[in-house]
Amino acid sequence: MIESAMPNRQPAIEEGDMGSRPRIGVYICHCGANIASTVDVEAVVEFAKTLPGVVVARHYTYMCSEPGQALIKEDGAKLSLDRVVVASCSPRMHEPTFRAASQEGGVNPYQFEMANIREQCSWVHHDPDEATAKAKILVAAAVAKAYRLEPLEDREVGVTPGAVVIGGGVAGMVAALDVADAGFPAYIVEKSDRLGGRVADLNRTFPDLEPVAEWLPGLVERIQSHPNITVFLNAQVAQVEGYVGNFEVTVVENGGGEEQGSKLQVGAIIVATGYKVFDPQRKPEFGYGVYPQVITTLEMERRLAEGDLSVNGKTPEHVVFIKCVGSRDKQLGNPYCSRVCCMISAKQAQLVRQALPDARVTVFYMDVRAFGKRGEEFYDEARRAGVRYRRGNVSEVYRRGDRVVVRVEDTFLQRTLEVEADLVVLAVGMEARDDADEVAALLKLPRSADGFFLEAHPKLRPVDTAMDGVFLAGCCQAPKDIPDTVAQARAAAASALIPLLRGTVPVISETAEVDPELCAGCGMCVEVCPFGAPALDPLWGVSRVNAVLCKGCGACAVTCPSKAIQVRHFRPDQILAQVDVLAG
Amino acid sequence: MSDTDFEPKIVAFLCNWCTYTGADLAGTSRIQYPPNVRIIRLMCSGSVDPTYVLKALLDGADGVLIGGCHPGDCHYQSGNYKARRRVIALKEILKQAGMEEDRVWLRWISASEGQRFAETVAKMTEFLKEKGPSPMRQKWAV
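First to last, the protein sequences are chains A and B.
So for the first sequence, the working numbering puts the first residue at 1; every next one is plus one.
So for the second sequence, the working numbering puts the first residue at 585; every next one is plus one.
Hints are computed from structural coordinates only; laboratory data are not their basis.
Ideal placement from N, C-alpha and C gives every residue a C-beta, glycine not left out.
Hints may be right or wrong, so weigh each one.
To be verified - Coverage of chain A stretches by chain B, computed from C-beta distances (three or more under 8 Å per stretch; other residues unrestricted): (1) 137-149; (2) 219-227; (3) 358-364; (4) 564-573.
From just these sequences and the hints, can you work out the full model?
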């Protein structure tokens with residue numbers, strides 16, 4: 001076990017015992033003029049030489065440059081350094097650089113400490129005397145901490161091959177297929193009784209009017225016949241335990257108890273749970289559910305597939321589309337764009353023009369957002385086909401005889417108009433699913449203000465989440481069309497394959513550990529940890545930390561009444577040594 | 585000691601993800617603030633042990649600043665809430681012991697709030713200058 005592999009010892013500090021006394025090298029960086037123009041680096045070097053344990057102190061123009069790093073490497077070997085302190089920029093900038101240099105000089109990379117004398121000194125204090133005095137004290141604190149740092153090892157853990165994909169729509173199927181084709185088991189957990197998701201409800205897709213029936217059954221067939229893919233229908237994830245590389249996912253039949261569930265061991269999880277269609281009854285002014293003439297775009301898909309557009313046995317003479325229903329609507333709490341309803345409307349309007357050449361087709365819109373490949377061209381085609389686009393906000397739909405009247409404010413002409421229609425199609429948007437709460441709780445996923453799952457970084461990590469090893473695909477992250485969904489699903493699969501193909505995942509070394517001699521087994525660390533890292537050993541009655549789950553936050557260490565649990569690299573004696581210098 | 589030549593010492597415990605990064609931003613933005621603050625980087629404000637604060641005050645700090653992520657933004661989900669509870673308890677204990685609890689400040693400062701960090705340090709320095717040197721060190725010296 002990893003826990004026992006880590007040496008559980010305090011650094012021995014015996015004054016006068018030269019054999020075990022730390023040998024610290026201190027390096028003060030000029031950062032060109034960034035530090036040296038304010039801080040008297042030579043004075044800091046002379047001061048550093050007087051600090052306990054320091055055997056060499058130098059200054060150099062740019063410590064992060066090749067020759068700067070070479071100083072650390074050469075001193076490390078020649079002077080048998082066992083600790084290094086660099087006073088330069090923020091550790092958030094160059095800690096990895098100098099840790100690597102220390103390691104090359106034979107110094108354990110975790111026995112390295114940085115003093116931030118640029119961001120927190122020379123750049124914010126103009127007075128050279130004050131800045132120099134502060135730089136000295138920051139260096140002294142870093143040396144005091146370095147003196148007490150213990151060696152740690154880089155760590156990694158093995159990965160269980162395979163991935164669970166939650167959701168059997170297009171996103172989930174495509175992601176599972178890539179994982180399976182790479183040679184790993186993929187498990188699709190689908191809540192409904194069939195694969196295909198929402199796309200199976202569609203007839204033809206924009207911008208090529210390609211029938212879904214031409215490609216979806218083939219995709220489903222590939223999933224069903226793939227030797228590496230297992231599909232659970234009418235099933236859901238009941239529990240997720242573990243961490244990146246080693247998850248245990250409990251899958252149960254809908255309504256079934258956890259005891260009868262299948263336990264799947266996998267290294268990664270892809271969330272492809274999709275979206276909820278906006279319920280237009282939340283916009284009662286449109287009369288959906290009241291008038292048979294008012295339908296949604298999804299109902300229109302079925303009618304177009306069946307070739308039946310009649311209302312009350314009559315062929316419609318005027319078909320009206322209303323866009324942004326449930327989208328870009330702050331009153332509903334949905335300020336975002338659905339990203340698809342412009343193009344769905346353009347597609348269905350064209351198909352109505354083809355099916356009913358004598359009928360008028362009008363689209364009421366706030367804006368037309370025909371982005372993406374062939375989007376604008378497709379919108380042009382709709383207008384050339386005779387679809388009338390009219391900019392206006394629809395305020396109401398009401399009945400007049402066997403037709404309905406659409407009351408709309410024309411936002412160009414600034415006046416209200418009313419048009420009679422036989423069929424009104426509401427272009428409904430997308431919302432986060434009702435069960436997004438449960439999924440978020442299961443996987444500890446943060447959500448954005450719109451309720452969709454939150455990616456780790458909007459640009460650079462669009463399919464990663466705050467939870468290592470859990471990835472997002474499709475509309476559960478944000479509304480999107482099929483090409484974007486497929487692209488994101490394949491990106492999620494590629495990201496999930498990184499740990500699976502590497503076979504190991506790195507984990508931080510600065511984790512909590514328990515001194516079993518001091519632990520009374522009170523369990524407060526277990527209670528306070530948000531990641532489930534500590535657990536009471538039932539045999540010995542003491543707490544033990546699963547170092548793979550530990551994120552090193554230190555909440556447990558503060559809580560522990562006997563200080564039996566401590567975080568490596570942030571032990572009380574190390575921090576108090578800093579306090580001693582900085583407060584003294 | 586007159587107000588003019590007293591320079592308070594502030595020990596700051598800042599969380600790595602928000603306030604420490606906010607302090608870095610104050611630096612990259614070259615926002616000037618008093619040099620009275622000395623920063624200790626911790627991973628989370630929830631790992632600030634009350635004994636660290638006490639030790640700082642007893643060692644001679646005139647003020648202690650604890651900086652964490654805004655509520656709801658903790659990198660470790662709930663560390664800042666833990667910090668808030670502990671600081672409330674600590675201040676109560678300081679009061680009971682006849683010590684000045686207003687020398688301990690807990691502030692939420694995000695990674696993008698360099699200006700706020702600089703202003704906080706300036707305000708705290710000003711506050712402590714007016715308050716004068718901490719009597720705690722003398723009181724507890726044995």
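Could you work out which earlier hints the structure fails to respect and list their numbers in ascending sequence? Hints 2 and 3 contradicted; others consistent.
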